[in-house]
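Read off the chains here:
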Amino acid sequence: MYGSEVKIRLLLAAVLAGAWALAGAAPDEDWRQGNSKAAGLEHCVRSTDYMRRNHMELIEHERTETVHHGVRIESKSLAGCIKCHVQYDAAAKPIPINSEEQFCDMCHEYAAVTLDCFQCHATVPTPETDYGARAGEGDKQ
Amino acid sequence: MSKTTDQPDQDRRAFIGKAAGAVAAATLAPGVFLHGVAGVEYRQEPVTDKVRWGMLVDSNKCADGCTACVDACNHENGLDLLEKPEGLSDDMWDQQIPKWIRKVTVKDKLSGRESNLPMLCQHCEHPPCVDVCPTGASFRRADGIVMVDRHTCIGCRYCMMACPYKARSFVHEVVEHKPTISPRGKGCVESCTFCVHRLDRGETTTACQDACSQAGHKAIVFGDLNDPSSEVSQALKQYPSRQVRADLKLNTGVRYSGV
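Chains B and E are the protein sequences, given in the same order.
Counting in the numbering used here, the first sequence runs from 1 upward without gaps.
Counting in the numbering used here, the second sequence runs from 1001 upward without gaps.
No lab work stands behind these hints: they were computed from the structure.
The beta-carbon is built from N, C-alpha and C at its ideal position, and this holds for glycine as well.
Any given hint could turn out to be false.
[To be verified] Residues from chain B shown here face chain E by an in silico Cβ test under 10 Å; the list is partial:
hint	residue
1	Thr-64
2	His-69
3	Pro-125
[As the list claims (entries may be wrong)] Residues of chain E clear of chain B, computed beta-carbon distances all greater than 12 Å:
hint	residue
4	Asp-1064
5	Gly-1065
6	Cys-1066
7	Asn-1116
8	Met-1119
9	Arg-1141
10	His-1151
11	Met-1160
12	Ser-1233
13	Val-1259
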């Protein structure tokens, strides 16, 4: 009788451990993979833990600061996020940040959360000084 | 816009957990991570009403047939990247494609005198588009620029109906090319922003003004209406000018002379 209870407990522990491992299999190691600028930095504008859970709060708050109050410094603009996190292909062309296995897609795919930012926003950095200049095909989503 | 979150309180967790030290140290990253472009002065503080941006257009200098300002605007704000949807006639496309500046010819019926002028968002002090907007998406920034917050725009187009200047456009189709400075998507209204992306980087000219000067006409003067020594204030003081539809008492930020 005791044996079966121990077995159940062991099974439960194993299941829990499995679930834990699965949860830990979130894109943990490769969050700053590749040749993005972010890969060389210790963490984002806040700690990684904070950013992972609250980046959407920051982005939503800062969009008001940017659009209504005109504060467009990089730490407050989505363009800043993209500029730092975007990766480049062999031809040094930026890869759209929401394309498969790229920074945004990685977690959002895993968490099954749709993201709407890029219905309007650019997915690759485009020139900041010569506004009319085009980034070429890179800006095509 | 207060918001609740379903996320657990991370600060509390961190305090309890071993990571307390690491998280506390990392809560506010030092400025070293905030990379900026060398030589660019982004605005750090929210805009105030100390400045009111405005424009004076001298229609005597505005040349017949010249579209330098329109082309420059289209290029600057990515309007020339929009592609005609399949199956749409050229005529319909011409009606649908967003236009931030329209070249208009006005004629005095009595004398037959014609004048050319660029018609754009007049950046009113009392904008009818803001009055009618049901979501608060249409707003007037502290420095007098009337804009659309596309995050809250639902595309109802009341503002387009309310605007006496036909200054606003609606984006009808999915947008493929989206330059960084001009986010654009299907279902939102947009209009001239006085090249706000330039102003927020410390520049003081608009694309249309630069293009007009380059074309040798110098019909557009842009600047701070609140600063009596600015070029636009001096020009307004010197030359007679008028607001279009002054009877509506909107106190427009764009004035015309020679009309």
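| request: Return the numbers of the hints above that this structure violates; sort them in rising order. | output: Hint check: 9 and 10 fail, others pass.
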